[in-house]
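Number of protein chains: 2
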Amino acid sequence: MYIHAVSHYLPTQVVGNEHFTNLNGLSNEWIIERTGIEQRRKAAPDENTNSMAVDVVRLLQDKVDLSGVDLIVGATYTPHDTIVTLAHVVQNHLAIPEIPVVSISSACSSLLNAIEIVEGYFAMNKATRALVVVSEHNTAYNNEQDTISGHLWGDGAAALMITKTRQSESDLYIRYLLTGGAAHTGKATMAVVLKPLEKGVIMPAGRDVFINACLYMPKATQQVLYKCGMTLADVDYVLPHQANLRISRNVMQTLGLPEEKLISNIERLGNTGCAGCAIAMSERWETFKKGERIIVTVFGGGYSYGAMLVEV
Amino acid sequence: MYIHAVSHYLPTQVVGNEHFTNLNGLSNEWIIERTGIEQRRKAAPDENTNSMAVDVVRLLQDKVDLSGVDLIVGATYTPHDTIVTLAHVVQNHLAIPEIPVVSISSACSSLLNAIEIVEGYFAMNKATRALVVVSEHNTAYNNEQDTISGHLWGDGAAALMITKTRQSESDLYIRYLLTGGAAHTGKATMAVVLKPLEKGVIMPAGRDVFINACLYMPKATQQVLYKCGMTLADVDYVLPHQANLRISRNVMQTLGLPEEKLISNIERLGNTGCAGCAIAMSERWETFKKGERIIVTVFGGGYSYGAMLVEV
Chain A
1 MYIHAVSHYL PTQVVGNEHF TNLNGLSNEW IIERTGIEQR RKAAPDENTN SMAVDVVRLL
61 QDKVDLSGVD LIVGATYTPH DTIVTLAHVV QNHLAIPEIP VVSISSACSS LLNAIEIVEG
121 YFAMNKATRA LVVVSEHNTA YNNEQDTISG HLWGDGAAAL MITKTRQSES DLYIRYLLTG
181 GAAHTGKATM AVVLKPLEKG VIMPAGRDVF INACLYMPKA TQQVLYKCGM TLADVDYVLP
241 HQANLRISRN VMQTLGLPEE KLISNIERLG NTGCAGCAIA MSERWETFKK GERIIVTVFG
301 GGYSYGAMLV EV
Chain B
1 MYIHAVSHYL PTQVVGNEHF TNLNGLSNEW IIERTGIEQR RKAAPDENTN SMAVDVVRLL
61 QDKVDLSGVD LIVGATYTPH DTIVTLAHVV QNHLAIPEIP VVSISSACSS LLNAIEIVEG
121 YFAMNKATRA LVVVSEHNTA YNNEQDTISG HLWGDGAAAL MITKTRQSES DLYIRYLLTG
181 GAAHTGKATM AVVLKPLEKG VIMPAGRDVF INACLYMPKA TQQVLYKCGM TLADVDYVLP
241 HQANLRISRN VMQTLGLPEE KLISNIERLG NTGCAGCAIA MSERWETFKK GERIIVTVFG
301 GGYSYGAMLV EV
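Just so you know, the protein sequences line up as chains A and B, in that order. Note that full-length UniProt numbering numbers the first sequence so that position 125 is 125, with each residue one more than the last. Note that full-length UniProt numbering numbers the second sequence so that position 159 is 159, with each residue one more than the last.
Be careful, since some hints might not be right.
[Unchecked claim] Derived DSBU-like pairs: lysine-lysine, alpha-carbon spacing no greater than 30 Å straight-line:
| hint | chain 1 | residue 1 | chain 2 | residue 2 |
| --- | --- | --- | --- | --- |
| 1 | A | K195 | B | K195 |
| 2 | B | K290 | B | K227 |
| 3 | B | K126 | A | K164 |
Simulated from the structure, these hints should not be mistaken for laboratory data.
Bound conformation, chain A alone (with noise of 0.2 Å):
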């Protein structure tokens, strides 16, 4: 299973820490010092989840052909339509009839959920070439009055292309990939929450959330390297679920590698969910080389996480 091609799409609106520091007092400096985030995007008034799907989706078009995808796999926490979801706004848009779509919600780790699901699709025999499209509306959920959760989050979408046999030297090859629910650990299931008839994403146990997301994506990390016979010494980079630098910088420390080898996207584009390693991955496509190998581990709500090892 290979990565073709993928592409992101961030708003335009760029908003600064001093935005918060007006609203509610956070300064820059105590904002950076704990999340390392200086800068999110916030979408137009006349965006959303879906058109922003719609959007990534139109940018990968310009990369790649799309005319024979056979499944689509939307991915969001931060629903624009929950019956319209954005992998059938992504059909429309393609207009390519009657193949499997489906939208799924594993919160921030949805990217991974996706690509496994798409990974039992090419299983099955019953697709080939699968596009995966990861869209988060945060800040449409989000109480930026929040002193503690308000300042973290971003919007943002990437589109990814999947293949099941590789079409170019430059193709990411899947090694391995796993996930996995942590539903039965610590506060999981109310330390990060959105429930959309009480409208917010909030955060009532945010130092549980830490907590294990330093504990599961070094996990997760090491098992999906034995499987691959693989130690730490083979990893040229890790991409982490974008949270909070400090959860990746300790995600780092916990597998003893250095920082130049950890891929980051969060100081420009606070936590934007399940997108935010599709979208860093996209940022970094033209720079990966021959050979290297990355590491993408996730963490999310609920609890959930996975990780994969891809190589150019």
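Once you've looked at the hints, dock chain B against the given chain A.
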């Protein structure tokens, strides 16, 4: 792949058509003539999609041992929490650590999408005993005043244990299953929508939904039978998505099958979304006889559709 056991949960409050007569003037006769619906269930104030998911899994545990479950797929378009999804609360309830856990939506079609995702995990050898939980809290998102669709919706949940190998003589063998998106047709992307931030499921193009439901359920049924080398003569029962009794009867007419072969619960339960067919399967489970074949066929907003042939 086998359905080893199934359970259903219905909230206790029964809402008759007279409720809508009092509210917006729709008569009992009119509602029955147009939809077949006489009653529907409404979740209590302390119930929600997640609580019903756990309740229905408890009922399944009365029938079978769930300790060996190695995959949980939840489905809903009426989420209580898009981060801590119904699949997560089920994992938390079962206290089974570190298995894949994901929740999905393809609107009213999600039951078959969820089972197809399970099929993929079985094909990858990443799971052998899966739990599929479908739960809808329509009344949380419904505007009862709406004379177009306010009277259609009901609440309920179902849980299915699906195993890679046969567990007992009474298991339903899943002979073939397919799903598809039809977001490219008609008014698919605006005909029935649920935008959480605009709070409410609405059906701006009910006639287009009706037409496409009547088209796609027979079509998917024929596709599945063709794949199985069977014909309609081999089918003992048809269990269509429980959207509207007129749609179900139209599907039977198109297929040329008598109404005795139709399985229906919409009269008592209204449209319970992606849970409807699974609830009906649970209600009828004890009556199925060895050798009988049942077509389950679904249609949902987006649009989405699917069909599955099961054999006792």
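Against the structure, the hints come out as follows:
1. K195(A) - K195(B): holds, 13 Å
2. K290(B) - K227(B): Roughly 22 Å between the alpha carbons, so the hint for K290(B) and K227(B) holds.
3. K126(B) - K164(A): holds, 18 Å
When the structure is compared with the earlier hints, no violation turns up for any of them.
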